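*Asks:* Using the sequences and the hints given, assemble the complete structure.
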Amino acid sequence: ILDDNLNNGSLSWRDFNDPMQAGNFNRYPGGIIVNENTPGFGNLSESWTEPSWRLVGSYKFSDNLFGYATISEGYKAGGYNDQTGTSGLMVSELTRPVDPEFATNYEIGMKWESEDNRFRFNPTVFFTEYKDAQRAVNIITEQNGAQFQETVFYNAAEVEAKGIEMEFQAVLTESFRIRAQASYLDASYNEFIIDQPGLSDPASGGVILPFFGDFSGLPVPRSPEFMGSIQALYTWGLANGSRVEFGAEYYHEDENLFYISAAGREYDAYLDEKNLINASVTYTDPDANWFVRGYGKNLTDERYRIASQSVATLWTHSQFGAPINYGIEFGMGFGSR
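Numbering (this note's numbering), first residue to last: 59 to 395.
A portion of the hints provided could be inaccurate.
[Claimed, not checked] With a straight-line cut-off of 30 Å between C-alpha atoms, the simulated DSBU-like cross-links for lysine-lysine are:
(1) Lys332 x Lys220
(2) Lys189 x Lys118
(3) Lys134 x Lys189
(4) Lys220 x Lys118
(5) Lys220 x Lys189
(6) Lys332 x Lys355
(7) Lys220 x Lys169
(8) Lys169 x Lys118
Hints in this document: simulated from the structure, not taken from any laboratory.
Source: prediction; values computed, not measured.
*Replies:* If you want it as structure tokens, here you go:
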């Protein structure tokens with residue numbers, strides 16, 4: 059029984075000390091003046107000491123089937139808001155620290171391999187809870203009648219994510235094999251509320267306008283519900299010992315929310331569903347010391363975004379992925395055989 063079970067755990071403490079110096083530099087006649095009189099500014103220093111732990115239990119059902127379960131908790135250290143004002147507005151709220159973010163993860167998985175080692179299947183189910191999640195929201199400041207937008211982080215969100223991940227590999231013949239990966243993810247904000255009171259700075263005369271936003275129930279940005287890919291590889295051995303490998307890949311990603319706008323849901327930015335096809339041909343010399351590869355990516359020339367963000371209510375800034383492209387790569391290895 060002892061040979062079939064494996065149980066272990068780990069526990070650690072991490073101590074983060076994070077100093078920051080904040081100041082506002084304005085050019086006036088006579089030189090550069092640093093606004094050192096604003097309350098809350100100067101040499102700032104915070105430290106965070108929190109435990110991280112992990113428990114693992116596993117069982118070997120047979121020579122070909124292995125199962126495991128883990129529970130772990132970790133944290134992301136706190137930090138500072140580094141916005142000292144687009145307008146030069148120095149309000150201590152714009153550099154106040156955010157506290158650590160905590161995550162607890164539960165995971166169950168299995169690893170299976172066929173008797174002849176030709177097939178492998180590894181499924182995993184997970185559930186993760188985030189507390190005091192650090193999230194950024196745009197707020198409005200005002201100085202001398204002009205309004206500006208600032209990005210401020212808050213410990214404002216409680217997040218729940220659950221899903222399934224699967225890996226599969228099959229060696230169908232001596233020369234042909236396929237690999238596939240797929241994941242399903244359901245991630246949403248159980249609670250995400252920002253309640254920013256109005257604040258003023260007596261030194262500059264600027265203010266932070268009050269803001270209230272309830273984003274509870276929205277999906278977590280950059281968390282597509284389904285992602286998956288399948289790869290096919292065919293290897294052709296030549297008489298002189300060299301080989302040619304033909305590869306093809308199909309990748310799919312669901313539409314997903316990329317950016318939550320404080321201005322309203324109509325200004326949220328999304329990434330469209332994308333389906334990409336790539337292919338390659340690789341020649342490797344008999345001693346496996348060098349290779350040359352020709353490739354083509356995004357062969358259907360699909361137009362897709364890889365980033366998108368609304369700028370207030372003015373416009374949406376997007377970055378697009380590469381269009382159809384071809385190329386040749388050359389590589390060398392040392393001591394391969």
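*Asks:* Hints numbered earlier in the text: which of these fail when held up against the supplied structure?
*Replies:* 2
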